[in-house]
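Here the protein sequences line up with chains Y and A, keeping their order. In this text, residue positions in the first sequence follow the working numbering: the first is 1, and each later residue adds one. In this text, residue positions in the second sequence follow the working numbering: the first is 1, and each later residue adds one.
The hints are simulated quantities; they were obtained by calculation from the structure and are not laboratory data. Keep in mind that a hint or two might mislead.
With a Cα cut of at most 27 Å, we get these calculated DSSO-like pairs of lysine-lysine [what the hints assert, rightly or not]: (1) A:Lys94 x Y:Lys114; (2) Y:Lys88 x A:Lys89; (3) A:Lys89 x Y:Lys22; (4) Y:Lys123 x Y:Lys77; (5) A:Lys378 x A:Lys5; (6) A:Lys94 x A:Lys33; (7) Y:Lys6 x Y:Lys123; (8) Y:Lys123 x A:Lys394; (9) Y:Lys123 x A:Lys405; (10) A:Lys94 x Y:Lys6; (11) Y:Lys127 x Y:Lys77; (12) Y:Lys114 x Y:Lys127; (13) Y:Lys77 x A:Lys66; (14) A:Lys5 x A:Lys33; (15) Y:Lys127 x A:Lys405; (16) A:Lys94 x Y:Lys22; (17) A:Lys139 x A:Lys89.
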Amino acid sequence: MAYSDKVNDHFNNPRNMGSLDKAAADVGTGIVGAPECGDVMKLQIQVENDRIVDAKFKTFGCGSAIASSSLATEWVKGMTVQEASDLKNTDIVNELGLPPVKIHCSVLAEEAIKSAIEDYQNKQAAKA
Amino acid sequence: MADAKTLHYFDNYATTPTDPAVVEAMLPYFTTKFGAVNSRSHAFGWQAEEAVDLAREQVASLIGAKPQEIIFTSGGTESCNLAIKGVAKMYAEKGKHIITTAIEHRSVMDPCRSLEREGWDVTYLPVDQTGLISLDELKAALRDDTVLVSVIFGSNEIGTIQDIAGVGAICKEAGVLFHADACTGLDTETLDINADGIDLLSLSGHKIYGPPGTGALFVRRRRPRVRLSALLEGGGQERNMRSGSLNVPGIVGLGKAAELALANRVADKARISGLRDAMQASFMGELEEVYLNGHPTQRLPGALNVSFNFIEGESLMMGMPDVAVASGSACTSATLEPSHVMRALGVGEELVHTSIRFSLGRFTTQDAVDTAVASCLKSARHLREMSPLWEMFKEGIDMSTIEWKHD
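This is chain A alone, in the form it adopts within the complex:
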């Protein structure tokens, strides 16, 4: 059984533990204040409505929006689906072209691919080796029939943060709606939907120490007023944009998580990046041939995605059984396909299979960092001894000249 004392958690960009203060805020809404928001005629309903109203304000405050502009969903994936498909279907008569990037999360990629099969045209902007899109290329890709630009704010895989304000300004000038997938990063970064020119924004509860199964979609109401074709139809909740009885305890938790993020983001950002930078310096100082994946500075504070050349990712993780991390290696995915984000960086395939992602967070301690560094270095040294590629490298063999025997 995983126990945080013996298995140190470094996978915060996969999911975060729910903050104890969030759990505490949610509890009364399960068994005592359990009314439905739609129950207009009694106190159970009124107190549920009050709690949800507060949560709406808390989420809105995190991103500089108005409470009425927040729609509650079941999570980041639903928010992204609603944003993309909702805008596409609503504005189909205006145009059927969408622009996004090559490093989006699957919850943006897959709706886009699905729309392509239904007759939409999607442009996937490439990224450079640090994971950044080019604003010039974005401008050049805009067409008369473009209805939506969707860009991931902070990459959950490599941590690279896009120039969101730059994208927003371009979209505003072109009169095209801009959706930012901000599921990862709002616990430490500051985004303002007005300053950054954002029209839709997806956020996820379980990424910001809130409960899993919760999320929100910011939908701009003024200048312009954004309309969406709903995915879920029924009781007409959330101004007809997302039917379904509200998950009151979940929403209360999401609101609390947003409030905590707003209060802690500056201090957390400094503390987490300090720990992360020290980890990075240890790896690069102690071992040769360690490469950073992602932008060196324009990066989420908890992100440390590194490639240990000549060591395959899954085996490296196996050698650190006391550390919970992730890898971009094909061996770790169910489909045996390497990460599409790593591929998009254009780094050599070997560096894809050798990548490990450590993602630090609010609850990461110095002790955990020290243990993880020691464990990783030990595993890396053991595996380099075992690696025929490391042996060839040490012998000075140029591996790009070898004809490998494989199918």
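The following block holds chain Y by itself, in its conformation from the complex:
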């Protein structure tokens, strides 16, 4: 099973790898997956005026999982929170050319985005 060029690219040149301050009021953090499953994604967004101005990821998982989460951060930067939450895993599958056995990696990335958004929204609700 040779990896697609795009997956290789994200692996070798990950976009937005790193961390934001999870305590910051404008940051939402999503952690999904589990070590026993071999996949854990941490995805963070920084939001200003309902727009995602920065995003970072860290992933424990195979090349496809890393590529999916890297791509996710690349896409959500510049989107509104609503647009980001409308992202579908199938968009990721198509962009990266993921084979059937790796589709679950894209599903996890979609969940990571939603989880980060949920965390951000919970923080805003708590402030109010």
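Guided by the hints, dock chain A onto chain Y, whose structure is given.
Just chain A now, kept in the frame of chain Y:
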């Protein structure tokens, strides 16, 4: 295209390259000395028979057996199938209980599961964290209706070598047949079917620098005389135990490989384990949280199965495109199931997904080792930077207390 100079091969327990001397020995038997052994009436047939007789002696010498006790097969899988199903069916009236281990190769596991579906009872002995079975547990598992014990000699996954002589002694005392799956390890280890009390033994050509598609099954002829119910029926070759025209060039190659193994095993064992030990020391010296899977000392010399905690196996391999290795991670298997051998060790699931197997061999060089170490360390460091689990570990978070969000 894979080229040994730019893609360094560290997957010898999956398969080995065929030794050039083996290829050379085989070639005449394709186009010049191409007769069939069964052709009794002409020189083409006689020279084929002579070549096969020699190969039988060469294979027998490797394990201390008599030539007449060697049956040629298409490989390790066929040998294991023939041993297990052949004994089970032949001795069914005597009993229908078989004992094996939790870390067998699929070519033993699957015939056992298949026999279970047909009414046999199989006990799978557990292993400890280093991969060893307990001889006391084996003794306790023996019953009046046990007809076969099957134990893997050297694990292709973790390299752990079982106490075969110990198993043999117990089986001898109990009067139960003992099959050893010796497909991995005969290129460096010394096994003697009499000293070790073995009644059947499977071996594989492509694991000992012989040609793929070849193998043999040792079937004891005296004390006791072991009988088998054949899987392949037809022309009655191999004393009715394995019909089919003999693969003469393949058998010649297998014989040559056995001869080379006998001549080189002591020196190869020392050289390979030296390279392997240095590799292991580099990984453990340069990185934290690296764990060995398998027995630290009672282990095949080429086996280096390590878990790099907090880094998933497939991604680690992706980061070393110049090294050919294998992983126990679920992501690398077609079924997304992690290795059953790793599971049987009872290590945490995270260590299963983070395992990488380097298997060194006869043709592994110091240069290749140096490149592989550098490549692996680079990949590991890059992936630890990327790992949320490594981040949590560094922050001192106890991950066993986290409730992970997953389906």
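Notebook entry, point to check: Can you list which hints this structure breaks, lowest number first?
Noted result: 1, 2, 3, 6, 7, 10, 13, 14 and 16
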